[in-house]
Amino acid sequence: MSALDLPLREQAAAVARGDVDPAELLDEALARIERRNPAINAVVETFPERSREMLAAAPDGPLRGVPLVIKDEWPLPWRAQRFGAAELLAPTTPGESGPYRALRNAGATIVGVANMHELGAGSTGNVSYYGPARNPWNTERCPGGSSSGPAAAVAARLVAGAVGADGLGSVRFPAAYCGLTGLKPTFGRSAMAGHHMADVTTLIVSGPLCADAADCRLLGSVLFGEELSAGEAAGLRIGVVRDTVSEDVAPEVREACEAAVEALRAEIGGEILDVSLADLEAATLAAILLVNGESLGGVTPERLNRMSPEVSPIARGFIKYRMLLPAAATVQASRVRTLMRRRLAVLFAEVDALAWPTVPAVAPPLTEPLVELPSGTHTADQANVRGAALANLTGIPSISVPVGLSSDELPIALQLSAAWGRDELLLDAAEALERANGRRWVESLPPLAQAEPEAAEA
Amino acid sequence: MEGADKAEEFIPAGLASLGIEADEVDLAVMNAAHRMFWPAIRELLSLDTSEIEPERQPDLSKAPPQ
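First to last, the protein sequences are chains X and V.
Quick note on the numbering used here: the first sequence kicks off at 115 and runs consecutively.
Quick note on the numbering used here: the second sequence kicks off at 762 and runs consecutively.
Hints were generated in silico from the structure; no laboratory data involved.
Hints are not guaranteed to be accurate.
Unchecked claim - Heads up, incomplete: computed chain X residues facing chain V, CB under 10 angstroms, no partners named:
id, residue
1, Pro427
2, Met437
3, Leu439
4, Arg449
5, Gln496
6, Trp534
7, Leu539
As the list claims (entries may be wrong) - Within a straight-line C-alpha distance of at most 20 angstroms, the following computed SDA-like cross-link-like pairs (lysine to any residue) qualify:
id, chain 1, residue 1, chain 2, residue 2
8, V, Lys823, X, Arg536
9, V, Lys823, X, Ser335
10, V, Lys823, X, Glu361
11, V, Lys823, X, Glu538
12, V, Lys823, X, Leu487
13, V, Lys823, X, Val314
14, V, Lys823, V, Ile813
The model shown is predicted, which means the values in this text are computed figures rather than measured ones.
All C-beta atoms, glycine included, are put in the ideal place defined by N, C-alpha and C.
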């Protein structure tokens, strides 16, 4: 087995012990990207010399010598982000983003830039300037978005960890579709400097995507700049909202998530409580309006009229539509944000975590990202956002945890959310859930990650 | 909903007032977006939020003050 197949934490430990040569690990990662990436288009650029320079200068940090990828949403000193688009409406330049600094200071090696849904505006990853990323579990399926490349890269074991960003579910959706663990941190806890919206966003955060919670804890600690200490989730009170987000889901998703919640309860001696949270649909729309409004800073009609013809028709039309949205709706969205934050503060006095499916159906086809739910056929974006937006609107942390495979061998995921600052609790709960199911789902590998015999890795 | 039915008036008028150019494809996407979002926006606008005391400069990393 290649060291690249080890969890992130074990790669770091092996390098620290001297059992693995980090230069060889980097070469292996580059070689594996060359072999496996054409099938999934997860990594859109590598820069071996820059990576080797990072490794040569790597301090003795918690990720020393470990290769990682970073989403095309963050500038690097040698490369401006493209945001998955032919053109970004905000000016960008190469530079040291917060996540870059965090990785560099931890000793990590950035081995490539990962694909993403164009302009961060989709939950599927099937639209990108670089072409769609593909799901390693089935390359005809969406990998999820907007952090499509980070998720596909980790699922295919090109690397063991990736940095994404989450403004309306963009870490959690691809984690769910690709069978990974993805953490959307509490707003403001993880590194954001250098993001082209860092000064205006009230919703977007950086976040880790890894195979399991322990790796997310390690990479999350690096992004947070503080140790996310491990604890026990004993006695966790799990709230299940009986609403569209937990009820209008594909039957096998619902079944797997209900079983996971029960398994978690049994593992930690906790309790399950049915809770109500009104106005979730309004909260979802409020989050969409706010993130769309924030993304329009500096955009002028003249600028839109000069937009590159290579920007996809969907993105072009949506950006222009955003310009017509009434300011009153954005003001109302802020009110709804306040309302939901207060309701959640009350709710989190009664429960420690909220649980519902991360996405209501498994990864849809790349060519037609529609999902079948009890209420009918929906676009994946419409269906997915309603379970994710609340965390971004209110600032609370959420985690997506793999909890099963569908009948057609596609990952199913449960989302857990907790009160502000309780990111560690979510990681504890995710680890408890992994124990409860014998780590079956976090250790499941997609066909692409099983494809090569060991000899081919040498 | 009535508002959604008027996309063919609302969108061209809005674009014209802002001086934003749009081709047929842009308009088709915008009409689809309007059908998707406008009914919900109208519902949002009709919510009575007058009783909600605004949270001034909310710190989204923390619970709101009670």
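Enumerated hints in conflict with the structure, sorted upward: Going through the list in order, the structure violates hints 7, 10 and 12 and respects the others.
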